[in-house]
Amino acid sequence: TRRPPPAAPAPALQMADARDAVAVAGNEQATESSFRTATASSGGGRTARLLEPPLLVDADTSTISVGLTSNKEGSGSAAMIFTIWNTMMGSTLLVMPACFRESGWLLGAGLAIICAGISQFTCGVIVSAGMRMPDPTAEFADLAAAYLGVRGWYAALFASVGVCLGAACAMHGYLATSLNDLLIDTPQQGGLGLEGAWESLTPNPRGLAAAVVLVLLLPLCSLPSMRILARFNVLGVGCVFLMLAFILASAIANGMSADALSAPSLARPKVAILGTFALSFFIHSIAITIFRAAARPKDNTRNLSIAYALVTATYVGVGVSSNLCPPLGDAAALESAAGRNSFLSIRQPASLAVPLLVARIAVVVQCVTVYPVLIYAIRTQFFTALIYHRAYPGWRPVLGLNLVAVGATFAVIASGLHIADVIRFTGAFAALVCTYCIPARVHWRGMAAKAAAHPSAHAARICMASSLVGFGCLIVAVQFIS
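Just so you know, my numbering puts 28 at position 28 of the sequence shown, and the rest follows in order with no gaps.
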């Protein structure tokens, strides 16, 4: 019988890579997993019965290429590194300046490096274990099922759905915010100067923008396949580079602030941004898929390290440069309501009007191509894994679920919640499951033989597992501390 598919990758992560769309579409043709069989229950329904893996996976991350051979048709190192970088770029990029302002740019840089290092380690654990599973089609949810049973499979599934929904809220928010800014700002501020006409329609112009874009996006979300949108992936990649170019141009044009090196600018006792960083470096649910396409698996460890280093440098560069050289010298604007929704909503010098206009249009284009993919990922996982066992059961169920999903993202944006807050809560809870708890269990099992032979290895095993789970719980806890 057909098994529920593995959890689809979270294109949030950045959520603009065509590999995400292809991987999601591939779930429609999911094959049997050697770890799961579907059995009929006494009530006639389906329950998932999980079988233990026949081989114990060694979670030594010094290499993540054991048992693999070179794939001449696979992607080279440069392509692999760029794919990882691009996948993690986007949903948190425009709120990174606000995050670094909240904690201070020096403390923020330190926290980003710590989170990146831990995420790289746990991602290596996931890829190492996934590559050694006997089933060559196994994905992240299969790995969770093998080590944590049916509860692990459901945890991976709902964490992946949660990431997609949180990222969809962020993309919806960016789209509504950028569209609203384009309409109400003057040409000298990077807009079209339609403030009077637009604001006369409603007292909540951003909410109206969020509703208008749904009328355009709902048909795209209801497509049977994401192949059409996947073809526009190159536009999303170009949009990311345009946003990065504008942030760099803003720092150069504004120059260094007079209080950039003051104590409050360097560090503040606020660490809720750990949730944002958790999502920024989240790639675990698609990592196995990405590395399976490598032409030289022996370079996987190096490529993963380089990719994480580049992602860290990008985020830290954006956060530090925007805080050292804030728009118009006003660092406080970074943590304003506008700054917590998008860096592009902050007032800039008139000399940057045209680049700001281009950057806002780039955000609109990116969100239009990414948001439907995220809704499609939610639909695929929900229908294929839990109800119909296929991604497109007909237009009525698809339309019904899409209305619920887009209605949820609209409610979040119309309520006035800041994008930065949506991202940090999403990242905290998803990372607790996928970045910390599941890798901790995999590493615990992988170190079983060494722990039995050496007391010091047993102590290290306990320390590692408890540290990972404890750090994940800490990230969730600090989200509720003002």
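By construction, these hints were calculated from the structure, which means they are not laboratory data.
Since this is a predicted model, take the numbers as computed values, not measurements.
Possibly wrong hints are sitting among the right ones.
Now the in silico label distances, taken between C-beta atoms and shown as ranges [unchecked claim]:
| no. | residue 1 | residue 2 | range |
| --- | --- | --- | --- |
| 1 | 467 | 256 | 35 to 45 angstroms |
| 2 | 218 | 268 | 25 to 35 angstroms |
| 3 | 268 | 78 | 33 to 43 angstroms |
| 4 | 473 | 192 | 30 to 40 angstroms |
| 5 | 467 | 193 | 16 to 26 angstroms |
| 6 | 467 | 204 | 43 to 53 angstroms |
| 7 | 408 | 223 | 31 to 41 angstroms |
| 8 | 228 | 186 | 29 to 39 angstroms |
| 9 | 252 | 195 | 49 to 59 angstroms |
| 10 | 347 | 480 | 26 to 36 angstroms |
| 11 | 79 | 452 | 37 to 47 angstroms |
| 12 | 268 | 417 | 18 to 28 angstroms |
For each residue, glycine too, the CB sits at the ideal point set by N, CA and C.
**Q.** Hint numbers contradicted by this structure
**A.** 2, 4, 5, 7, 9
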